[in-house]
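Asks: Each residue of the sequence shown is one higher than the last, beginning at 1 in my numbering.
Incorrect hints may appear among the rest.
Computed beta-carbon distance windows for the label pairs [stated by the list, open to error]:
id : residue 1 : residue 2 : range
1  : Thr328    : Glu203    : 40 to 46 Å
2  : Asp85     : Gln38     : 26 to 32 Å
3  : Ala250    : Ala310    : 25 to 31 Å
Just so you know, the hints here were simulated from the structure itself, not pulled from any lab data. Backbone N, C-alpha and C fix where the C-beta goes; we use that ideal spot for every residue, glycine too.
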Amino acid sequence: MPRISLFWRTFLMLATLIVASLAATLTIARMLDPAPEQRLAWEIATVLNLTRSALVSADAERRLALLDELARNEGVRILPLEPGDRINSAATGARLRAIEPLLRQLLGEPTQVAGRVNGVDGVWISFGIEGDAYWLVLPRARIERQFGPSWQLLGALALSLSLLGALLLSRVVNRPLAALARALGAISRGERPPALAEDGPTEIAALNRRFNRMTAELATLERDRTLALAGISHDIRSPLARLRMEIELAHLDPTQHEAMTSDIERIDRIVGQFVEYARIGQPTRIETVDVPAVLGTVAAAYRPAVQSGALELGIESGDASQWRGSPTDLTRTLSNLIDNALRYGCSADGVTRVDVRADATSKGIAISVTDEGPGVPPEQLERLMRPFERLDSERGDTGGAGLGLAITDRIARRYGGQLVLALPAEGGLQARLDLPSLPGGAA
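Produce the entire structure from the sequences given, and follow the hints as far as they go.
Replies: Structural data, given as structure tokens:
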């Protein structure tokens, strides 16, 4: 079942409550208030009965004056019903036809209702006085305003306004949480988010204050760590440089010379990984990167290993031509993945075979690096991307710091991508790196 965001969950809860409340209110209103047709039929029947009673009880000399007064003051006219009257049924309308059977129940048969007689618009109701047939004519506007808008229209309008209000309310309620979620996403990518607003409801304000304080403390910790590692790098690499120089000047046995040089290079490489890992969170310049050119540069860096026969490197750019990001980041990720294959992906014949392929995606590029080495147990794949994790027992002892894949993973997350490790069916290890393009600015 797909997950529903808090915004839509809040909106659906409010919408359900509003719809149920409106339905109950309209149902009760219809039960307590009769239909407008029924109410209008009662009013017309009352007017007609009062008019008929007044005419019947009035003196003959007073009837004309009474009719004139009704027409002038009330807009009610009494006209004789002639057999030759032209009744236009098309002008009667659905609402007048709806009250005709109700008037027949109240006034008896044969009561007629018409909207136009002899070319004159109005509400025409037939009735009898002492055996003579007459028309009671009422202004159509006086009748039409009794209907007003239908309850369906009123309900639809109320429902639309209520749902719009629920949508706005859900937006207001969800906005602080959405801002917090975006800020957390920025932190996960190694960015420092802008400070969250510390006003509004007390609970949200308190949460945002704590988050802002945590963000500031993390930024301070990141700066202190970077400075510390930079100092360590300087303090360690300076003696290493002197040791390397002394080794070159000393008259040592070639075996001892090679072993000591190898140890110094390994220490220098580990220190470099520490510094590189610490600097990932720092801003970098974003530009349009020529992917095939970067792949060519990376291939050239490993040409000595290829010429020595220790490495067989296949690089294919596919349809990936350009990418928005840092060329340094792209070079670093490719180098880390190939170095990881060199250290751990050696085949049984002593040759490391690595295939690199870059493909364009809808968001950026996808890079896969596959080796033909012994692989790792499936349950250990997730561990490989943790900082300082090494599976030397499975893939050989190389003396690394265990930061290569962790650095690549952090770079991928800075761009909103990911690093995924998989075990191909034919053996070895495959690293798939998804790198979305950035619009510009600092990563």
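Asks: Would you mind marking each hint as holding or not holding in the structure?
Replies: Results of checking the hints against the structure:
no. : hint                         : in the structure
1   : Thr328 to Glu203: 40 to 46 Å : 43 Å, holds
2   : Asp85 to Gln38: 26 to 32 Å   : 28 Å, holds
3   : Ala250 to Ala310: 25 to 31 Å : 28 Å, holds
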